[in-house]
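J.: Kindly produce the complete structure, drawing on both the sequences and the hints.
The lines below spell out each chain.
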Amino acid sequence: MRKSLFPIIVFAAGIIFIIRLFYLQIYSSRNYDIYEDNAIRKVFTYPKRGYIYDRNNVLLVSNQPSYDVMIIPREVNEIDTLEFCSLLKISKEYLIDKYIKTSKYSTRIPSVFLAHLSKEDYGYLSEKIRKYKGFYIQKRNLREYNTSIGANVLGYIAEVNRKNILNDNYYLKGDIIGKQGVEMSYEKYLRGIKGTEFIQKDRFNRDIGKYKDGALDIPSISGKDLTITIDSKLQEYGETLMKNKKGAIVAIEPNSGEILSLVSSPSYNPNLLVGRERSKNYLELYKDSIYRPLIDKGLLSMFPPGSPFKILVGLTALQEEIITEKSTIYCKGYYIYGKEKRKMNCHCGGGYRNIYNAISLSCNSYFADIYRKTIDSQYNTKERFDNWSNHIKSFGLGNYLNNDLSVGKKGVIPDSEYYDRWYPDFKWGGTTTISNSIGQGEILTTPIQLANMTAAIANGGYYYTPHIIKKIDGDTIDVRFKNPIKTSIDSTHFKTMGKALYKVFKSGTGKLLNVPGIEICGKSGTTENFVKINGVKTQLSDHSIFIAYAPKENPTIAVSVLIENAGYGSLWAGRTASLMIEKYINHEISLKKMEKTVLNKSLKREYLKPYLGKPFNINE
Amino acid sequence: MYSNRKNIFKIDWTLVLVYIFLVGFGLANILSSSISGENISLFDFSTLYGKQFIFILASLLVIIVTLTIEVKFYERFSSIFYLVCIFFVLGLFIFGNKVNGALSWYSFNNLTIQPSEFMKAGTALAVAKFISDIQTNMKKLSDQLKLLLIIMLPIMLIILQNDTGTSIVFFSLFFVLYREGISQIYLLIVFIILSISILTIKISISTAILLSVIIILLNYLYKNKKSRSIINSSMIFLFCIIISFLTDYTYKNILKTHQRNYISVWLDLEKDPIKIKEMKRTILYNLNESEKAISSGRLTGKGYLEGTRTIGNFVPEQHSDYIFSTVGEEWGFLGSSFIIVLYIILILRIVALSELQKNHFSRIYGYSIASIIFFHFMINIGMVLGLMPTIGIPLPFLSYGGSSLIAFTLLLFIFIRLDGNRINEW
Numbered sequence: 000m001r002k003s004l005f006p007i008i009v010f011a012a013g014i015i016f017i018i019r020l021f022y023l024q025i026y027s028s029r030n031y032d033i034y035e036d037n038a039i040r041k042v043f044t045y046p047k048r049g050y051i052y053d054r055n056n057v058l059l060v061s062n063q064p065s066y067d068v069m070i071i072p073r074e075v076n077e078i079d080t081l082e083f084c085s086l087l088k089i090s091k092e093y094l095i096d097k098y099i100k101t102s103k104y105s106t107r108i109p110s111v112f113l114a115h116l117s118k119e120d121y122g123y124l125s126e127k128i129r130k131y132k133g134f135y136i137q138k139r140n141l142r143e144y145n146t147s148i149g150a151n152v153l154g155y156i157a158e159v160n161r162k163n164i165l166n167d168n169y170y171l172k173g174d175i176i177g178k179q180g181v182e183m184s185y186e187k188y189l190r191g192i193k194g195t196e197f198i199q200k201d202r203f204n205r206d207i208g209k210y211k212d213g214a215l216d217i218p219s220i221s222g223k224d225l226t227i228t229i230d231s232k233l234q235e236y237g238e239t240l241m242k243n244k245k246g247a248i249v250a251i252e253p254n255s256g257e258i259l260s261l262v263s264s265p266s267y268n269p270n271l272l273v274g275r276e277r278s279k280n281y282l283e284l285y286k287d288s289i290y291r292p293l294i295d296k297g298l299l300s301m302f303p304p305g306s307p308f309k310i311l312v313g314l315t316a317l318q319e320e321i322i323t324e325k326s327t328i329y330c331k332g333y334y335i336y337g338k339e340k341r342k343m344n345c346h347c348g349g350g351y352r353n354i355y356n357a358i359s360l361s362c363n364s365y366f367a368d369i370y371r372k373t374i375d376s377q378y379n380t381k382e383r384f385d386n387w388s389n390h391i392k393s394f395g396l397g398n399y400l401n402n403d404l405s406v407g408k409k410g411v412i413p414d415s416e417y418y419d420r421w422y423p424d425f426k427w428g429g430t431t432t433i434s435n436s437i438g439q440g441e442i443l444t445t446p447i448q449l450a451n452m453t454a455a456i457a458n459g460g461y462y463y464t465p466h467i468i469k470k471i472d473g474d475t476i477d478v479r480f481k482n483p484i485k486t487s488i489d490s491t492h493f494k495t496m497g498k499a500l501y502k503v504f505k506s507g508t509g510k511l512l513n514v515p516g517i518e519i520c521g522k523s524g525t526t527e528n529f530v531k532i533n534g535v536k537t538q539l540s541d542h543s544i545f546i547a548y549a550p551k552e553n554p555t556i557a558v559s560v561l562i563e564n565a566g567y568g569s570l571w572a573g574r575t576a577s578l579m580i581e582k583y584i585n586h587e588i589s590l591k592k593m594e595k596t597v598l599n600k601s602l603k604r605e606y607l608k609p610y611l612g613k614p615f616n617i618n619e
Numbered sequence: 000m001y002s003n004r005k006n007i008f009k010i011d012w013t014l015v016l017v018y019i020f021l022v023g024f025g026l027a028n029i030l031s032s033s034i035s036g037e038n039i040s041l042f043d044f045s046t047l048y049g050k051q052f053i054f055i056l057a058s059l060l061v062i063i064v065t066l067t068i069e070v071k072f073y074e075r076f077s078s079i080f081y082l083v084c085i086f087f088v089l090g091l092f093i094f095g096n097k098v099n100g101a102l103s104w105y106s107f108n109n110l111t112i113q114p115s116e117f118m119k120a121g122t123a124l125a126v127a128k129f130i131s132d133i134q135t136n137m138k139k140l141s142d143q144l145k146l147l148l149i150i151m152l153p154i155m156l157i158i159l160q161n162d163t164g165t166s167i168v169f170f171s172l173f174f175v176l177y178r179e180g181i182s183q184i185y186l187l188i189v190f191i192i193l194s195i196s197i198l199t200i201k202i203s204i205s206t207a208i209l210l211s212v213i214i215i216l217l218n219y220l221y222k223n224k225k226s227r228s229i230i231n232s233s234m235i236f237l238f239c240i241i242i243s244f245l246t247d248y249t250y251k252n253i254l255k256t257h258q259r260n261y262i263s264v265w266l267d268l269e270k271d272p273i274k275i276k277e278m279k280r281t282i283l284y285n286l287n288e289s290e291k292a293i294s295s296g297r298l299t300g301k302g303y304l305e306g307t308r309t310i311g312n313f314v315p316e317q318h319s320d321y322i323f324s325t326v327g328e329e330w331g332f333l334g335s336s337f338i339i340v341l342y343i344i345l346i347l348r349i350v351a352l353s354e355l356q357k358n359h360f361s362r363i364y365g366y367s368i369a370s371i372i373f374f375h376f377m378i379n380i381g382m383v384l385g386l387m388p389t390i391g392i393p394l395p396f397l398s399y400g401g402s403s404l405i406a407f408t409l410l411l412f413i414f415i416r417l418d419g420n421r422i423n424e425w
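Keeping their order, the protein sequence lines are chains A and B. Going by numbering that gives the first Met the number 0, the letters in the first sequence line up with residues 0 to 619, in that order. Going by numbering that gives the first Met the number 0, the letters in the second sequence line up with residues 0 to 425, in that order.
Everything labelled a hint here was simulated from the structure, so no lab data went into it. Here a beta-carbon is modelled for each residue, glycine too, at the ideal position from N, C-alpha and C. Hints are supplied without guarantee of correctness; some may be wrong.
Stated by the list, open to error - Pairwise CB distance ranges, derived in the manner of DEER restraints:
id, chain 1, residue 1, chain 2, residue 2, range
1, B, Phe337, A, Asp472, 53 to 61 Å
2, A, Asp472, B, Phe20, 56 to 64 Å
3, B, Ile158, A, Ser27, 30 to 38 Å
4, A, Lys2, B, Lys71, 22 to 30 Å
T.: Right under this line is the structure:
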């Protein structure tokens, strides 16, 4: 016993230690993960964000380095505040305030002291900042816009919000994400894939070098460069034409669905949302409730299309054999319908109307009549209405276009169910919904839907899903943009309609809009619109609308123009459409006088009317 | 008669090899725990590992001297060596330097010496000398008291110098006394004192006393009628009560706050979550970080010089008292278990060799150093693994420190020298 007690105790101690080691190292640390190891800082390295080029390889968006002055409060020594403040061009109050704020957050972790130095300041400061312990300059990448146009198309980038982080675990607090336009819809290509560096920390949370000399580091993958379908010259021209007017221009290349320009007016200089003044500028843009420059009106403005919709009413009637190209009716200058003998005015001047001059003169009576004939039946009005509705929808109206733009609206193309809900106990029909025949009533469309419809007409019965992407560097674009989508109307009827639309320019509402050397087909529209002012539905001046495509044979551009509250369609929207077409096809403008008129037209007074709190006249 | 030169090769190579391995491995781990990214040069003597390298060279000198000195020298001069050590420890009161509150260092320029480390060897020699003396009778109370004085004198001095950790190591020598034949009753008394103290602190005085009453009663009933003695039992009972109250008083009034905290952490007394949180940042910090570092090593470790927590200096004092956490992190379960096995081999080998000694002095000395090394091993690794209260003493041969390394080298190689002479004894 005396001999063996000590060895037994020694042995027991050894066993206990090994059991304890087993518990610590094997049992309780089954799930070691380098990402959980708080001795290793995981630093993400951000790749270069992809550049954006226009269809002619003009660089629109690139990156620029931005320099922030960083502060580590506990390392700050006594400094010459006067010199320091004048160096950074800040006030002493700013210095003290910022020091206290950052210290409260953390005295060890670097915080931004002064964001977005200019390049000149950086060059000057980078030498001098070393003198000030606890301050250093950190480089970041910002977007650089080499253009002042297309803000709505390009979009902008901003820090992710909580929702972004919840939706996609790629993002962490402080990461950057595209918030609008191409930046948003092609975020996954543009952003690239961030890399990870493992940095060894010490117990004071200071970095002391790369872990394993960076052997485990994951390199970042650069974002892909994009070429978009926008023609920046055309876009710029469109934005210039739309100065001092609210509205949108959408131009599409019919035989590819590529969006040539997507003008939303008023727009803003994309450079406003970069750099130190970003928040201030954003707030200003956001607060502008009259012009709402952050809203892409080409994609989001819903309005009744007005007369251009007559094209589809006509095509449907042709397709359903309600009329032929020879069918004629007589217009008395108005149209009487229903038991109450309600009257719809017509501005065509009256006379015998066939499909050609009904279109070219925009005769309301003709389309009201053929619409009723298309819809109404003793037996199956609902069925016929749904059939009609489906024909219209086959042009991409009444639904999202399934495109690659960051936002969109469905618009409204009613079907029988829609009216059943409105009139549950009433046998509704053509007369009830007669406004649809002239593109008013319940019909709502967006400018891009109208442009797409125009492209479908130009193509003679099919369209390509409108899209903004032309090329992704090292990747292919979605096949859905390569496949044509057919409308439900036979191609022969488009020949008829094409002639009618050409006649608009020859002898109809567009005869003052001709461009020398270019055969244009188009249709004007004027549409009533209402807003609520203090809860009262109030009518505003009519929207001016125009759709057109050119050249007549093998069209290369289809365009829709909306100018809010500009009145008669042929006047402002029509001129703008013609100028856009000439600009795109001829690259230069011969209609100098027309151009000047459009450029000088300002609707600012018109837009202020509803906000002045006084009764006002419309369509002056 | 064999020549002295031949005797040198009669040394126990197992001990020597384990020693060499532990010291070399220690140096490697000190290097790992004290660098952060700079170039490594063993000859850069401003670094901890550079210094440790010098200490190893000095130890080599100590080994050579120790092995060449005539065996009889140790036995004859043990008392003098003990007294010299006592003298140097006493000298600390006048010339000593305070480091971390403990007055245990002499310093000359850059060189610091901790005499209490050498005191261990001195006391081991003195204990061996006294017990092996023919005139000593371990059953005699006067001799027992003399022995107690030899051991308690350095303990008292070192406690007065506020180096409680080091002083505790000397208690290991009671293993030797037990081995050499003091009455079993002492062992029982130590056991009773320890149990009652822990019970008192952990639960309460009343529980401790109640439990002792039950045990004494059971003991009384089981004994045959002849040896039953009420007076005896009452004495034991009184003794228990005194111990319990004394412990309570010491714990509450004499111990310093940090010592009390160490014990309260060890016995898991603190229940207030706010205080536990506070402790985690202060006294528990080392322990926590050490456990985390060891845990993160897992089965095979992160690899030499790859321990993230070691590189980041998460464990304070990692090169000295907490060196085993580096082993745990970088060499994993396999490496650290291997080191534990090595220590067990070292200690048991010394014990086994001691039992073979024909000379009493050699046997007792061997037993003494086995106990001292074991205590260090048990307290240090127990602390690093969170099984023992925090007591800052080095891990023999592995921890950084000149005094510690040289003193342990001396301690071990005196025994190796004594053991090498086994055959010549007759």
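J.: For every hint, state whether the structure bears it out.
T.: Now the hints, each set against the structure:
1. For Phe337 (chain B) paired with Asp472 (chain A), a C-beta distance near 56 Å keeps the hint of 53 to 61 Å intact.
2. Separated by about 60 Å at the C-beta atoms, Asp472 (chain A) and Phe20 (chain B) satisfy the suggested range of 56 to 64 Å.
3. With their beta carbons about 37 Å apart, Ile158 (chain B) and Ser27 (chain A) fall inside the hinted range of 30 to 38 Å.
4. Distance hint check for Lys2 (chain A) and Lys71 (chain B): the Cβ-Cβ separation is about 27 Å, which falls inside the suggested range of 22 to 30 Å.
Every hint, counting from the list given before, is met by this structure.
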